[in-house]
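**Q** Read off the chains here:
4 protein chains.
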Amino acid sequence: MLSDTQSKICEAVETDFSGLKACIVNASLKPSSEPSHTDTLLDVVAEIFERRTVAVDRIRLSGHYLAPGVYPDMTEHGWEADEWPDICDRVIGADILVLGTPIWLGEKSSLAQAFIEKLYAHSGETNDKGQYLFYGKVGGCVVTGNEDGIKHVGMGVLYSMQHVGYTIPPQADCGWIGEAGPGPSYGDETDDGGRVGFDNVFTQRNTTFMAFNLLHMAKMLKDAGGLPAEGNVRTEWDDGSKPGWPNPEHRLDG
Amino acid sequence: MLSDTQSKICEAVETDFSGLKACIVNASLKPSSEPSHTDTLLDVVAEIFERRTVAVDRIRLSGHYLAPGVYPDMTEHGWEADEWPDICDRVIGADILVLGTPIWLGEKSSLAQAFIEKLYAHSGETNDKGQYLFYGKVGGCVVTGNEDGIKHVGMGVLYSMQHVGYTIPPQADCGWIGEAGPGPSYGDETDDGGRVGFDNVFTQRNTTFMAFNLLHMAKMLKDAGGLPAEGNVRTEWDDGSKPGWPNPEHRLDG
Amino acid sequence: MLSDTQSKICEAVETDFSGLKACIVNASLKPSSEPSHTDTLLDVVAEIFERRTVAVDRIRLSGHYLAPGVYPDMTEHGWEADEWPDICDRVIGADILVLGTPIWLGEKSSLAQAFIEKLYAHSGETNDKGQYLFYGKVGGCVVTGNEDGIKHVGMGVLYSMQHVGYTIPPQADCGWIGEAGPGPSYGDETDDGGRVGFDNVFTQRNTTFMAFNLLHMAKMLKDAGGLPAEGNVRTEWDDGSKPGWPNPEHRLDG
Amino acid sequence: MLSDTQSKICEAVETDFSGLKACIVNASLKPSSEPSHTDTLLDVVAEIFERRTVAVDRIRLSGHYLAPGVYPDMTEHGWEADEWPDICDRVIGADILVLGTPIWLGEKSSLAQAFIEKLYAHSGETNDKGQYLFYGKVGGCVVTGNEDGIKHVGMGVLYSMQHVGYTIPPQADCGWIGEAGPGPSYGDETDDGGRVGFDNVFTQRNTTFMAFNLLHMAKMLKDAGGLPAEGNVRTEWDDGSKPGWPNPEHRLDG
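Protein chains in written order, with the working numbering: chain A, 1 to 254; chain B, 255 to 508; chain C, 509 to 762; chain D, 763 to 1016.
Some clues are possibly wrong.
To be verified - Only pairs whose alpha carbons sit at most 30 angstroms apart, straight line, appear in this in silico BS3-like list of lysine-lysine: (1) D:783 - D:770; (2) A:8 - D:783; (3) D:783 - D:891; (4) A:129 - D:984; (5) B:476 - B:275; (6) C:637 - B:383; (7) D:984 - D:783; (8) C:637 - B:275; (9) B:383 - C:516; (10) A:8 - D:770; (11) A:21 - A:129; (12) C:637 - B:262; (13) C:730 - B:476; (14) B:262 - B:383; (15) C:637 - C:730; (16) C:730 - B:262; (17) D:891 - A:222; (18) B:476 - B:383; (19) C:516 - B:476; (20) D:770 - A:21; (21) A:8 - D:891; (22) B:275 - C:730; (23) A:8 - A:21; (24) B:476 - C:637; (25) C:730 - C:516; (26) B:262 - B:275; (27) D:984 - D:770; (28) A:8 - D:984; (29) D:783 - A:21; (30) A:222 - A:8; (31) C:730 - B:383; (32) B:476 - B:262; (33) C:516 - C:529; (34) C:637 - C:529; (35) A:129 - D:891; (36) D:984 - A:21; (37) A:129 - D:783; (38) B:476 - C:529; (39) A:222 - A:21.
Calculated directly from the structure, the hints in this document are not laboratory data.
Only chain A is shown next, with the shape it has when bound in the complex:
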């Protein structure tokens, strides 16, 4: 699946990333039984990770029902079912989070938006140093479409991640789109037997850079035990203000 350049780059890396865990989430709107173009580009990220002995856990969101709402378990807030509690530990337990999403009408998918709402649901929780839960983890974004919007979608996804506590390493966004208008999507077979986007240097380079920068930053943070708990501890600002605000980041659960 990796190109020769990517394989060569992977082989030349000397840093030992073993012990790191990555969670790769696909917000494709397609049923989980169907192939996803976004998955095809996420495969590149996954393979780079695995070649460097990083554990990869992949989640296809369309295979799970996430009840609407910004609480960790929406069955406690009026919904009959919610599968987020079944998968949230896989996201929270990983050192690296990659969210892949298609583009529709220039926006991330509604499933990607729902996933971000779920990250936000946990944004008031703290780790054992009193920092927000996602401190010490790193995030990146993979976007595919056939038209337009990698950067716009990246803006929203990466913003959300850093806002809840993820670190965003350099060049943590990548993706593929075609020329304006309809056309094939990433990985579709071409008439000459190739596959769309596989030889796009820009896409493959950015995907590789993202993958390795996520690894380097995750390792750096893990080796350091996360960010020092100085100047960034929530409890130093808890002021007896009204608990129970609807915004998760302001909930005082501690």
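Chains B, C and D: place on chain A using the hints.
**A** Using the frame of chain A, we list chains B, C and D on its own:
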């Protein structure tokens, strides 16, 4: 529910808007059994419409299951259930569409995003003049939150609407947010017995302007029989290109 | 400059648009002495307008110095020079405004942003009916780049226009971008003697639709004398509140 | 200028950040001779940095003329003057970059956009490890307005920074806005002698978190000599492709 200023303005209007139909959609994440802050501001729009004898149909999205995907009926594309076909005629049949959404982490809700995906699902269909289906209709946007993001959310919502064919009249966005940080939401009761945002001149004025501009533009378009079918007819560009592109706007169904 | 399809469409139009005035603004970062890819696509819009006997005024922003700031004449607010007063009447006097901009890093150009700040500078002014100044006019957006971002840029531009009072007709955004990564820009010559994007049906169709929808809506509004002044008049909300807020739309100049 | 809580937090920090250099850029549209609300919040960041013995360099963009365009020196590309070359070394030489901007119509200022275009101008340059120039540096964003848009502005600013190579630490955005509608701006004096936003726990906490997370991450990266040059080196992808693409990130200058 209307303020004295709003009531006086409503009474002074002489234009006859009867015959117009409005669909007001609420993308709150709360279960449909629970009150919604967004609904409280949508109530103002609905009441202005009804006082001017416009038929109002309200849809609470969280009470319906919209299967992921950009086809009009996702049960034909791998999903077991999809309630969009049950409600799409109410949206398509209205002259005016107002989408109300809360803000979470600076973005429209995932249900608002899913709704836009459903509008997009129909974006390749044409009316009897050969124009896209939503030509001749008008759209507006209501946004509430307690923090930040009315304009950003408005950008995405109104863009989507005009892209699929809605006309956006002047000042078609309105909303309420509070000061940066946690706090009450629109319509929450205050200690002195008032209700948050009800006396915010900016919010109430923009909501009123939006409501009347939607009415004026919808009537102007309806009286004219929509936009003339000159220079904006899809079939003049159909060129035998591959049908079945995944982007709805490029499907050739005609 | 127009394709055969576009020429044929233009010739078939029967509506008389004479008397309408259009202002086409190019926010390219290139010096005004250099050719601009964005201009090349704006040429299509201009030619459609002119074939339908609409007066076209074109402004290249990089040829004028717009002093930073959101007042109509920044020489009254601390800047030594400001050429906006020299050109603002050309914008305000037109029935149709088209803003063309390149994409850099997924965003509209800084000159496009400065232009929007200037529109906003006038957003508190009212017409003789007491409505905001831009009521009764229509706006559209043309975007070119070689990478990514038509829709994102369109969101911001069209949002700004409608917020200050422009009406946005259906499908008022268009543009051209290439496949992800570096490459030629709109209008660049290709090896086979063609020009990039000229045969892109999606781009040419959307540009044509935008041009005609702007014409239809501008004519409809002009024939009606603008929107009726009912429910959308600023003075009905003037409440003795503090004048001189920095936001132009809240200034009480009347 | 710091609150008691902030002072206490500063004093409790034990990490030695001396040797780090921060560049704080203000994209206010006001002439540099006038006070800026954005500066008032940037003062908090600057004071935290200085108390921890970090060198702070402040740049007020409105005091410099940045010629339009995405080359490091626009006098080589058709413009008569360009002050960017006078200040770019101050930005590039710093370990930490903070961009402060006001919000106008929900967007970052045109000067902020112009500044991002200048960062982008250098995005094809590489450091002595062959990585993009901004690798190893960290970025954050401060936003003030009186209405709406901290998060939207933050999305664009932080996206741009990471895309050209900055690392974004957790919670690298902060700001202040008031309730929807006109009103005072950050730092304005209130009737009771206070100053607007100074006692907003959300604003002050996020500003503090941002400041310290920038310090921690900058130190971590500096101590490590930046990110390892593995998997993220541009030259491994140089492929003899056409130099001179207009997008800076694709220029092959090496």
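**Q** What hint numbers does the structure not satisfy?
**A** Of the numbered hints, 2, 6, 10, 14, 20, 29 and 35 do not hold.
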